[in-house]
Amino acid sequence: MDMSEYKEIFKAESEEHLQQLNDSLLGLEQNPNDLEYINTMFRSAHTLKGMSATMGFSTIAELTHEMENLMDMVRKSQVEVSNGLIDILFECLDTLEALVEAVDSGEEVDIAHLQATLAQAMEGTMPVQEIKGSVTASIDTIQNEIGKEIPENTADAETKTDVAPVIDNVELSDNEKQAIQDAIDEGNRVVSLKVILDESCVLKSARSTLVLINVSKMGEIIKCVPTEAELEDEKFDLEFSVIFATKSADEDIVGTIKKISEIKDVIPTTVAETSGVEEKQQEKKSEETEEKKNTSAVKRSDAVKSIQSVRVNIERLDNLMNLVGELIINKIRLNQLASDLNAKDLDESLANLDRLTNEIQTEVMESRMVPIDQIFSRFPRMVRDLAKSEGKQINLIIEGKEIELDRTVLDEIGDPLVHLLRNAVDHGIESEQERKQLGKPVAGLVRLAASRQRNSVLIEVEDDGKGMEPGHLRDIAVKKGLLTREEVDKLSDNDALNLIFMPGFSGAKVVTDISGRGVGMDAVKTKIEALGGSVKISSVPGQGSIMKLQLPLTVAIIQSLMVTVAGETYAIPLGNVIRDVGIKASDIKTIEGKEVIMLRGEVLPLLRLHDVLECPTEEEEKQNLIVVVVEKMGSNIGLVVDDLLGQQEVIIKTLDNKLLKNMKGFAGATILGDGSVALILDIATLI
Amino acid sequence: MVKVMIVDDAAFMRMVIKDILTKNGHEVVAECVDGLDAVNKYPEVKPELVFMDIVMPNMEGIDALKKIMEMDPAAKVVMCSSIGQQSVVTDALKTGALDFIVKPFDAAKVLEVIGKVI
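Chains as they are written, first to last, in UniProt numbering: chain P, 1 to 687; chain F, 1 to 118.
Just chain F, with the same shape it has in the complex:
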């Protein structure tokens, strides 16, 4: 079981990811509505893995990733991107994100990524 924090401004996406995770024995320890929320919650929640959306209000995923990596260089962050975001994902990976998934994704992809990074 992996303790996961989900960061996505769309409640719909959070729900989809959460269901995939919980149905497969993982635990969602926090849901964050934007990057700022994620940066605030990360230290108290200490998730083993973060699923981070990229385009969000208040603070974009890439900035939240940077802040989280500063706080915890061992943080495990997987970016959730859409097509057409190559450069941001590339930047995120260089910043320390371990992997990424591309929307639309299915349960198998999400679980595969967890298996690979944990």
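Excised from the complex, chain P in its bound form:
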């Protein structure tokens, strides 16, 4: 059977189980006696075992099998949940992750070392090991015994009426002899049935049980060799015998038993019978069952289908989103044509098209939404490992993991969140000793919370650590040569906090191997803003910091304010826009060579998009100017534009070819209703 087509789903589901294992293990570390975590881990390991065996990934199957055994021993209190055990299990999970990852490359991952460690972990439980040993030993002896007890059947075993004390060399007790006698008196035949299983049979005991169940439907079992208990314990090789009283004919018996799978051969031998066999009764019975079968088959044929969900490849959803985008562009185009042609007849169907495309867009967007838990779920493990390596105690609180975000957004925010959490643990939370001296709880608190706002999702990363001192941040900025002393002194305390977002700024006194990875807070901010989101920071020295990430629900389609500059149309994402105002050129003042205007009692710096975009300026200075007020890094800036065209939803086409990829200031391009292309301004990198 070709299993390669199942690789993707195997990987996806294995990753889910690994996550569950990780979560449960973290839970178990906190509550070593909680049976639910142990059970969940047992189940996940077991499921993984079955899946990987089916795929033929024997290393994964082996490792999960041993983990399952270990969890089973933990469950039965044969192994204690110690720190050592937790660490070993974490190592198992990491190795499993690597193994699942290596499924594509076919790379070998060596698990011998881990298996040795696992074996050691189970070592603390000598009794179990001993039992294992004795079981194998006794199987051997039983195999020998069976060999002696049941030699090849011979036809001359047909002893009539008189009950022989020994059948097939099997000794019968007085009770058994009596049972055989009674059976014969009631008109039965006594049959000794030798059953031989396939060599490939895996669960021999269960197979033998199935045989016995079927035999007991045909008659009354008098004796089994080996005994039923021994059969259940799998204390036999491939064959066993059952002596039973029956009215069924040999061929029926053989037929019934051979219908069971994994049966190699069935050899019946009549050991005792009376002359009168009541076959009629038997026939009647089988007719009855035949009838029953028929009626139940009729009843069942009206079965209904009920499959509620399917898995869809993310690429499909991306394509679908693109198609919806194209559809919307065409719809806008059509609207424009209709109004150009003044074709009133089209109004109604265009309105319908409008509604339908909106609905499709909403549906497609919804189908792309995934719970934020998909990335949140990996953080408990990360925070635990971080805290452990730093010798800190951290309580991680996660809220709102059910909140949903577009898959694309979710894929992008993982790294920024990792960075923020690392900062919180590494720089935010004080050492245990410091916290004690400060009278804070020894365990630091890190809170990761998501909540749905109207058209966005808010993610907060909060810690109750040492917070940030604006003065200290000013000093660092000067020391690193990012700003002059005069410049930093002019900054408000809030603006001083925003210094950490400057490229080249790192607040850490000691660069640890954890946070000092070259991805600064500026990278976090750039990434979030590229998604159309924003980052805000607030901090109270001595009490902790809180980072607020505002994220759009989707990145593919955004509401934009359309403006014109020097005859070209540009889109400004509405998320950045505070408002638009009309001003008089005469109201513009100049501070330190920069244009500003007083607006509602505040100084608003002005930027002429003509200059920013390096467009030719009109010769004559206009008296009335249009300003779009946008927000950047918590402060407002006024963009002077030529004209406002209004709000519109635009489909973002990314500028990801080689030439345009690294161009700053543009989030992408979009196609307008008339087929022309407009650039989408990226306020974060433009100014």
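There's no promise every hint is true.
To be verified - Distance condition first, Cα-Cα at most 25 Å in a straight line; then the derived SDA-like pairs of lysine to any residue:
1) F/K116 / P/D250
2) P/K259 / P/I196
3) P/K479 / P/F505
4) P/K388 / P/N313
5) P/K7 / F/K94
6) F/K94 / P/E199
7) F/K116 / P/I221
8) P/K76 / F/V39
9) P/K223 / F/K94
10) F/K94 / P/D72
11) P/K594 / P/G439
12) P/K388 / P/G439
13) P/K584 / P/P616
14) P/K11 / F/K94
15) P/K247 / P/E220
16) P/K259 / F/N58
17) F/K116 / P/Q393
18) P/K258 / F/K109
19) P/K548 / P/E399
20) P/K548 / P/N313
21) P/K653 / P/N313
Stated by the list, open to error - Chain F stretches covered by chain P per the calculated footprint, using a threshold of three residues with CB under 8 Å from any CB of chain P:
22) 3–13
23) 54–66
24) 106–116
It is worth saying that the hints were derived from the structure and are not from the lab.
Every residue, glycine too, gets a C-beta built ideally from N, C-alpha and C.
Chain F: place on chain P using the hints.
Showing chain F alone in chain P's frame:
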């Protein structure tokens, strides 16, 4: 053609079994994610055959089997087990499961079992 209900918490296993069945002319009338799901769906779906995993969250296969046998003593249930589950499979058979297959299984095994129990 046999109408089959698949009960397994692993979507991967459901997919593998389903493909084996549908490629060989059988119909999968329901897929259940755990025992509870199976017990709920059984009466409305009325499958001719159930493939039942054993280790599952919420309700284990053996408990689901018991409930289904209570509802419909003529129910045809085949257990899907892994190695190392002798005793549970034995219990299941005593409860009324008609047969079992052991993971990893191939198409031939699955089809053989269907041929034997139906």
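Structure-based check of all given hints:
Between F/K116 and P/D250, the direct Cα distance comes to roughly 19 Å. Compliance with the 25 Å bound is thereby established for this hinted pair. Between P/K259 and P/I196 the alpha-carbon distance is near 13 Å, which keeps this suggested pair within the 25 Å criterion. The straight-line distance between the Cα atoms of P/K479 and P/F505 is roughly 10 Å, inside the 25 Å bound, and the hint therefore holds. Between P/K388 and P/N313 the CA atoms are separated by roughly 37 Å; this puts the pair beyond 25 Å, and the hint is violated.
For the hint pairing P/K7 with F/K94, the CA-to-CA distance comes to about 36 Å; that exceeds 25 Å, so the pair is violated. A hinted pair counts as satisfied when its Cα atoms are at most 25 Å apart, and F/K94 with P/E199 qualifies at roughly 24 Å. A threshold of 25 Å between alpha carbons decides the hint, and for F/K116 with P/I221 the separation of about 23 Å falls inside it, so the pair holds. For the proposed pair P/K76 and F/V39, the alpha carbon gap of about 29 Å is over 25 Å, so the pair is violated.
Distance check on the hinted pair: P/K223 and F/K94 sit about 18 Å apart at the alpha-carbon level, within 25 Å; holds. In summary, the hint linking F/K94 to P/D72 is supported, as the alpha carbons are separated by about 24 Å, within the 25 Å threshold. Restraint check for P/K594 and P/G439: the C-alpha separation of about 49 Å exceeds 25 Å, so the hint is violated. For the proposed pair P/K388 and P/G439, the alpha carbon gap of about 22 Å is at most 25 Å, so the pair holds.
Of the supplied pair hints, the one linking P/K584 and P/P616 holds, its CA atoms being roughly 21 Å apart against a limit of 25 Å. Between P/K11 and F/K94, the direct Cα distance comes to roughly 36 Å. Violation of the 25 Å bound is thereby established for this hinted pair. In summary, the hint linking P/K247 to P/E220 is supported, as the alpha carbons are separated by about 10 Å, within the 25 Å threshold. At roughly 34 Å between alpha-carbon atoms, P/K259 and F/N58 are farther apart than 25 Å, so this suggested pair is violated.
With a C-alpha separation of about 59 Å, the suggested pair F/K116 and P/Q393 falls outside the 25 Å cut-off, and the hint is violated. At most 25 Å may separate the alpha-carbon atoms for a hinted pair to count; P/K258 and F/K109 meet this at roughly 15 Å. For a cut-off of 25 Å, the pair hint linking P/K548 to P/E399 stands: about 14 Å separates their Cα positions. Note on P/K548 and P/N313: the hinted pairing is violated, with a Cα-Cα distance of about 32 Å set against a maximum of 25 Å.
At roughly 21 Å between alpha-carbon atoms, P/K653 and P/N313 fall within 25 Å of each other, so this suggested pair holds. Proximity of the segment 3–13 of chain F to chain P, defined as three or more residues with a beta carbon under 8 Å from a beta carbon of that chain, is established by the 6 residues found. A count of 3 residues in the segment 54–66 of chain F with a Cβ less than 8 Å from any Cβ of chain P is obtained; the coverage claim is therefore met, three being the minimum. Residues of the segment 106–116 of chain F lying with their CB closer than 8 Å to a CB of chain P number 6, which satisfies the three-residue condition for coverage.
Checked against the numbered hints above, the structure breaks hints 4, 5, 8, 11, 14, 16, 17 and 20 and satisfies the rest.
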